[in-house]
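Chemist: Read off the chains here:
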Amino acid sequence: MTAVAEIMDYDEVLERFDPVLGLEVHVELSTDTKMFCGCPNFFGSDPNTQVCPVCLGMPGALPVVNGKAVESAIRIGLALNCEVAEQCRFARKNYFYPDMPKNFQTSQYDEPIVFEGHLDVVLDDGETFRVGIERAHMEEDTGKSLHVGGADGRIHGAEHSLLDYNRAGVPLIEIVTKPITGAGHRAPEVARAYVTALRDLLRSMHVSDVRMDQGSLRCDANVSLSPKGSGEFGTRTETKNVNSLRSVERAVRYEMRRHAAVLASGGEIVQETRHFDESTASTSSGRPKETAEDYRYFPEPDLVPIAPSQEWVEQLRTTLPELPWQRRRRVQQDWQLSDEELRDLVNAGALDLVAATVDAGASPAEARSWWVAYLSQQANERGVDLASLPITPEQVARVVELVGEGTLTHKLARQVVDGVLAGKGDPDEVVAAEGIEVVSDDSALQSAIDEALAAQPDVADKIRGGKVQAAGAIVGAVMKATQGQADAKRVRELVLASCGQE
Amino acid sequence: MPTISRDEVAHLAGLARLAVTEAELDTFAGQLDDILDSVAKVNEVAAEDIPPTSHAVPLTNVFREDVVRPGLSREQALANAPATEENRFRVPRILSEEA
Ligand SMILES: [Zn+2]
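For the protein sequence lines, the chains are A and B, in the order given.
Residue numbers for the first sequence follow the numbering used here, beginning at 780 and rising by one.
Residue numbers for the second sequence follow the numbering used here, beginning at 55 and rising by one.
In case anyone wonders, no lab produced these hints; they're calculated from the structure.
Beta carbons: idealized from backbone N, C-alpha and C, even for Gly.
Just to be clear, a hint being listed does not mean it is correct.
[Stated by the list, open to error] Taking beta-carbon pairs under 10 Å as the criterion, some of the chain A residues facing chain B (in silico):
| hint | residue |
| --- | --- |
| 1 | Asn845 |
| 2 | His926 |
| 3 | Gly928 |
| 4 | Glu938 |
| 5 | Asp943 |
| 6 | Tyr1074 |
Let's have the full structure, built from the sequences with the hints guiding it.
Modeler: Given below as structure tokens:
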């Protein structure tokens, strides 16, 4: 193993260099079948059970393009503000590797299906950064290798490798940014925010599972440094195996610091692919990067060109759903949120959850309060994403409803939510199983009632004297004290009981 | 007049995983030169207004429905593999490259 690389202090990096990024994101489409054959595109099946002569690269097998995948590619392009090619072709990218049985990958080279777009990315402080999109093209995924005999399934020291071709031929869209300049110290954050925005966009379009942990969304981060003010791009490295949003940020940051240390000591950056290690948040040298010529691209003779008509493209444009930024704008208006409130919602990863809770019947304010406050706190304590909490928007909406009906006080509602989080079932089941109901909380009500009676002794005397209609004033005070969460009917009964009027 | 060097032939042979002898490098360099010369002649004829042709038939947009079709069983898929293990194709270790 090579020695641990020197890295430079981050602030010093920025004093001396401007970072330039290029991000390549591969997205597996969630079509029913593969890109060029009718094999199922399903994650997690037994090895080599979703294969056929086409995706195994057997002699004489001929590919046929999956129309749905082309549709998805065009829709993705439209959502990314791209132009759609009037005509484009597939090309063969030639290289030998056991995970690619054909010995070439069917891809696109100089004629991507969509090109020249942009994605506006919202940073943590609410500022928008526009990332240019160079192109997005269609290709196919490779099989999966299992390296036997080495440490951690890595290739170093492996005795041999085992191949599963279920993934070979799965439709893949590669989305490539233009060089991202001008991000300065925010470059790592921009990288993370871009991949996050892209993931949210693709998810809202239902074109991919976008699961970084399962590899259906993968990011390669190209980083180079340009001496401050020179305007000249330095040599870049391409870091692979970046499997989470956090890793995207960390990998970019690490490479910036490593490049700076190499350059400052008079060294040269080697153009190569690097491997990101989650556990150390550092990168290690992979293979030298092939040049495009080495892939000997040529037009794929077995597939005819694709020429999307204007009508088709316009028809596909009408199928775009409400995109994340449109949704944010609408939600902000509908729910009357300030920029800050909206930002908190987005940063907490709560926007979709709150929206779904509102759709399930809760008021925006109640839904927002649950997700941003109590549930965010629960997620933090468990160290998981808000969306991974074992409670659904429908369940939260039901709790809100129970509070509205007066079945639960706010305090009891938390108890019910805790029960749901603990896997005790739906809110109604928790209420029934644990006997949680407002009436069972009479003691809390009673103390509020005692306080209200003590505060208004003349009213209390009137009730004691038989003027039961005077109880309304005490009930009102108790409802105010419990922020309207108590069951007014029950409060009235208790008030009357307290004054001997049953 | 294209000329392809011995080094370029050796590089191409490496990319194609072909074992080529020193003598063959000279032979192939000469032959590839002839081929490139011929292609260069075609280039002279091709005018600006003639788009490069990759397909002889004027067809576009040949698509398949996104519907699953039966493929091979695992037994069939692995039948001709020189070696298998754990229902996977077993291949020799791959040197100095990272998956
Ligand atoms: Zn297949």
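Chemist: If a hint holds in the structure, say so; if it doesn't, say that too.
Modeler: Hints, one by one, checked against the model:
Interface restraint check for A:Asn845: the shortest CB-CB distance to chain B comes to about 5 Å, inside 10 Å, so the restraint holds. Taking 10 Å as the C-beta cut-off, the interface hint given for A:His926 holds, the closest approach to chain B being about 7 Å. Evaluation of the A:Gly928 hint against chain B yields a held restraint, the C-beta minimum of about 8 Å falling below 10 Å. With a least beta-carbon distance of about 6 Å to chain B, the hint placing A:Glu938 at the interface is held under the 10 Å criterion.
With its C-beta approaching chain B no nearer than about 5 Å, A:Asp943 sits inside the 10 Å limit, and its interface hint holds. The interface hint given for A:Tyr1074 is met, as the beta carbon of that residue sits about 9 Å from the closest beta carbon of chain B, less than 10 Å.
Violation of the numbered hints given earlier is absent; every hint is satisfied by the structure.
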